[in-house]
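With the hints as your guide, set chain B onto chain A.
Listed here are the chains, written in short residue letters.
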Amino acid sequence: MNAYFVTLLDQALRALPSGALHWPAQRLLCVSDLHLGKSDRIARRDGRMLPPYETQATLARLDADIAALDPAHVVCLGDSFDDLAGEASLDEGERLWITRLQAGRDWTWIEGNHDPGPLTLGGAHRAELRIETLVFRHIAQEGATGEVSGHYHPKCRLRGTGGGRPAFLMDAHRLILPAYGTYTGGLACTDPALQRLLADPALAILTGPRAVPVPLPRP
Amino acid sequence: MTLSPRFAAWFAARGWQPHPHQLDMLAKADAPALLLIAPTGGGKTLAGFLPTLTDLAEGGHAGLHTLYVSPLKALAADIRRNLTTPVEEMALPIRIEDRTGDTSATRKKRQRADPPHILLTTPESLALLTSYEDAPRMFAGLKRVIIDEIHALSESKRGDQLMLALSRLDAMAPGLRRVGLSATVENPAALASELARHPEPCEILHADPGPDPDIAMLVTEERPPWAGGGAKYAIPAVLREVKRHKTTLIFHNTRAQAEIFFHNLWLANDEDLPIGIHHGSLSREQRERVEGAMVAGQLRAIVCTGSLDLGIDWGDVDLVIQIGAPKNVKRLIQRIGRANHRYNAPSKALLVPANRFEIVECVAALEAARDHDLDGDPKGPGPRDVLCQHILIRACAGPFDATELYREVKTVGAYAGISRAGYDDCLDFCATGGYALRAYDKWQRLKQTNGLWHLRDPRASQRIRMNLGTIQDTDTLKVRLRGRGKPLGEVEESFAATLTQGDTFLIGGEVVRYEGLRELTVEVSRRADKQPKIATFMGTKFATSTQLSQRILRMFRQSSWPELPGHTAGWLALQRRVSKLPEADRILVETFPHDGRNHLCAYGFAGRNAQATLGLLLTQRMEEQGLHPMGFVATDYATLVWGLDLVTDPAPLFAPDALREDFERWLGGNAVMKRTFRASATIAGLIERNTPAARKTGRQATFSSDILYDTLTRYDPDHLLLRITREEALRGLVDFGRIEEMLARTAGAIDHAPLDRVTPLAAPLFLEPGRVPVQASGAQRLMEEEAARLMAAAGLD
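Heads up: the protein sequence lines correspond to chains A and B, in order. Counting from 1, one number per residue, gives the positions in the first sequence under full-length UniProt numbering. Counting from 1, one number per residue, gives the positions in the second sequence under full-length UniProt numbering.
The following block holds chain A by itself, in its conformation from the complex:
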């Protein structure tokens, strides 16, 4: 599926064009920053009622990735819901949809800064998760190694990409996932917050029809 193969601390991983990370050896699929229930939170907070279809749109894409790869373990890397109330905003169909995706596989909700993880849905809750040499957590930590994280919603601009595309960023020690949720903006990978986390040689892997790697742009 046009994925790009990377190696992080000797583990072979695949950056998928959808923005999900696949670890074939563990049959593990990892997605970050789903921000389900975002339109609901915006409506509650300032009265604007955005098209309330982002949960559907996000789950449809996740469903497609799961159907294609049949992972034994799905890790949601935090900010799966836009806030605590986001979980309550799911309708019955969306709840059942998540339950169906969870059936027959392990499912881990990593805590994010927006949500501690859903309380009424199945799956395990973790602040972080260690498997082999890798650690999965929401926000990258200074000096970490073999770390897979999310949080920043990195984006990368290149000719032909217009406003930029969500992108994986990585160096020898860490990999930062793009936001998987439909209503998510992005932080330019040239932002100092991201630049200082990554040491050269660093890569940005753009999502889209195919996962396309470029050397991490340095301003």
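Simulated from the structure, these hints should not be mistaken for laboratory data. The structure presented is a predicted model; accordingly, all values stated were derived computationally and were not measured. For each residue, glycine too, the CB sits at the ideal point set by N, CA and C. Mixed in with the good hints, there may be bad ones.
Facing chain B, from chain A, some residues (calculated, C-beta under 7 Å) [as the list claims (entries may be wrong)]:
id, residue
1, Arg-44
2, Asp-46
3, Gly-47
4, Met-49
5, Pro-51
6, Pro-52
7, Tyr-53
8, Ala-57
9, Leu-158
10, Tyr-183
11, Thr-184
12, Gly-185
13, Val-212
14, Val-214
15, Pro-215
16, Pro-219
Simulated restraints on C-beta separations [unchecked claim]:
id, chain 1, residue 1, chain 2, residue 2, range
17, A, Arg-45, B, Arg-723, 19 to 29 Å
18, A, Gly-104, B, Glu-664, 38 to 48 Å
19, A, Gly-185, B, Arg-714, 11 to 21 Å
Chain B in isolation, oriented as in the chain A frame:
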């Protein structure tokens, strides 16, 4: 009402005679709606205010008496100064204040508590005033409302918003009289019915239009070039005219052209004549400096754009020069009105065609002006995004009854035809978002309690007020250096849309390279060392009007053209000999090889926007038929397509049904639609331009409106906002309406002229900037090539 002795004495003391239309306005002071059409300099504003001043002269009126609304903040301030003179000289007990976006918050607050007799404001400030809960108290005693430059307001959504606001005022101040002041327009009756409370009539007063303007085409020794819009060739001749006159206004159709022309004029200005530039992209300080210098009579010429179209009194202008074909006769007449503010003296104007075809256009425009044949397209029904905003504004002012508001809205001419279902769609959008498949039940914006609609959270009114208005910044795009935030200036959106990466162009006197479009900002990088690839900007934002295009087609039927300069008449005669001249009831399609490529030139005379849309549709069609189109370019009169294969039978390409079908398909994924969606969604209150506290977080919280567009298109394709977007795009940049007009006029009849070489009429298109390459391979391939190159360069491959 008649002129009171006090006023008569004042007129006499100044050595003035009241104009007949000023007395007529007094006589008809009691008319519920009155439209005055008068040329600039005809004492129009005083005519509008005389009944008010007469009424207030006796004293005794407490609170607001007259509201004056104009499209420009500057106009409100200008009028305040002008009105203050008679009020002070006659010692009238009248308080006059203005209220615009520039008025201080404390003053605004005071004005609501203790309003002046006459308040001068803009449509946006008025809409804001009606959104306060205390609005009924403020407007209770209001007698008159004067709308200045109503012809200009009527051309945009600001006019629709204003008329909706008036319907609110009517409810708060029954018996309110409406006065509209307008420049010459093509259809006064239509404007009058916009002004009046529907279905009441509106009387129209015509002031003496004065003598016909003295308009001519500027004849230069040098021939205009075959293409382009800069009119650089005419600089010496223009400079000679400037020297011959006291003050000259030099109008351009676009800001970019004004910039380039000013630059060149300045280089040629060996006598150092004081010449200024004025356009909407300049900062307010710069504009005010030029305006001040002009009023003080310090400038000999001002290079300007539509920003000087409106009736601010600029003092003693004795010549107007229009650079480039005026595209629209009505605008030409209104611009010419800028010259010679002395009533009853003919205005003097010169037209400067920028290229050979524009000579034909200018001559056609001159004839139309002499025939008083003004153009204008009939307006469609009131836009519903503006109605959505109106409903939200109404909700800010307190609970309301849906049926009562519907009745109010129906009194606005533009919305008189709206069905209850159409209105309910808007109300439902404001209340629940109007989504078909998934309802917001808990977090609606508006709720209904005891039959009345109200904001669920009253605090939301602050956000609604902050985002009020219909002016969109989408006509121009800011240009910024990539990586750094420094803005360099602005370019027209239509120009930005033609750029592809690597193109270089001129802005603020420097050459920059186009890098990409990010949201609504053009990102560029500096290229100090190169000549710009695109030396002249693409043409105008305005397409040549339907009426003017038809006049040109009629000219083509003549056997000879004594009214045209010899070189231009010879050009048309040559075209007739080697091919043929386009006709109104058929589409001329020429096919010919040139420079190793096959070309197809279609003369639709549908205006630039529609011809560009036609180019997109034709190339899409040709691609499907395996004809390998490679690109196209469009002007106001034709589209030129080039590609690998010869088109032997063009008729099927123009089959009306097939064109319409392609159009439907193409429209969905089109960038124009996304921009149009953004504008309508902002007006309708779905997207906010301003938030109470712009949040600064580590990552960007906002996401592109394109995502909303894509999501709606996929999950709720019949949503109100998508329907509005479509309606808007059809009359705006996509302008399919003009393609329909072309199809109706020709019924798809094709004159196919297969030729072995470029024709005279097609030749200028080869020089036209704004060539659009057909990207069959698309952006993905471009991006992947770039990525591969970077990887290789970094040794990572």
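Against the structure, the hints:
1. Arg-44: Nearest chain B Cβ about 5 Å off; hint holds.
2. Asp-46: Asp-46 (chain A) check passes; min Cβ-Cβ to chain B is 6 Å, inside 7 Å.
3. Gly-47: holds, 4 Å
4. Met-49: holds, 3 Å
5. Pro-51: holds, 5 Å
6. Pro-52: holds, 5 Å
7. Tyr-53: Holds: closest Cβ of chain B sits about 4 Å from Tyr-53 (chain A), inside 7 Å.
8. Ala-57: At about 6 Å, which falls below the 7 Å cut-off, the nearest Cβ of chain B leaves the hint on Ala-57 (chain A) intact, so it holds.
9. Leu-158: holds, 5 Å
10. Tyr-183: Nearest chain B Cβ about 6 Å off; hint holds.
11. Thr-184: holds, 6 Å
12. Gly-185: At about 4 Å, which falls below the 7 Å cut-off, the nearest Cβ of chain B leaves the hint on Gly-185 (chain A) intact, so it holds.
13. Val-212: holds, 5 Å
14. Val-214: Nearest chain B Cβ about 5 Å off; hint holds.
15. Pro-215: holds, 4 Å
16. Pro-219: Where the cut-off is 7 Å and the nearest Cβ of chain B is about 6 Å from Pro-219 (chain A), the hint holds.
17. A:Arg-45 <-> B:Arg-723: 19 to 29 Å: Taking Cβ atoms as reference, Arg-45 (chain A) and Arg-723 (chain B) lie about 27 Å apart, which means the hint holds.
18. A:Gly-104 <-> B:Glu-664: 38 to 48 Å: Given about 43 Å between the Cβ atoms, the range holds.
19. A:Gly-185 <-> B:Arg-714: 11 to 21 Å: Holds: the Cβ-Cβ distance is about 19 Å, inside 11 to 21 Å.
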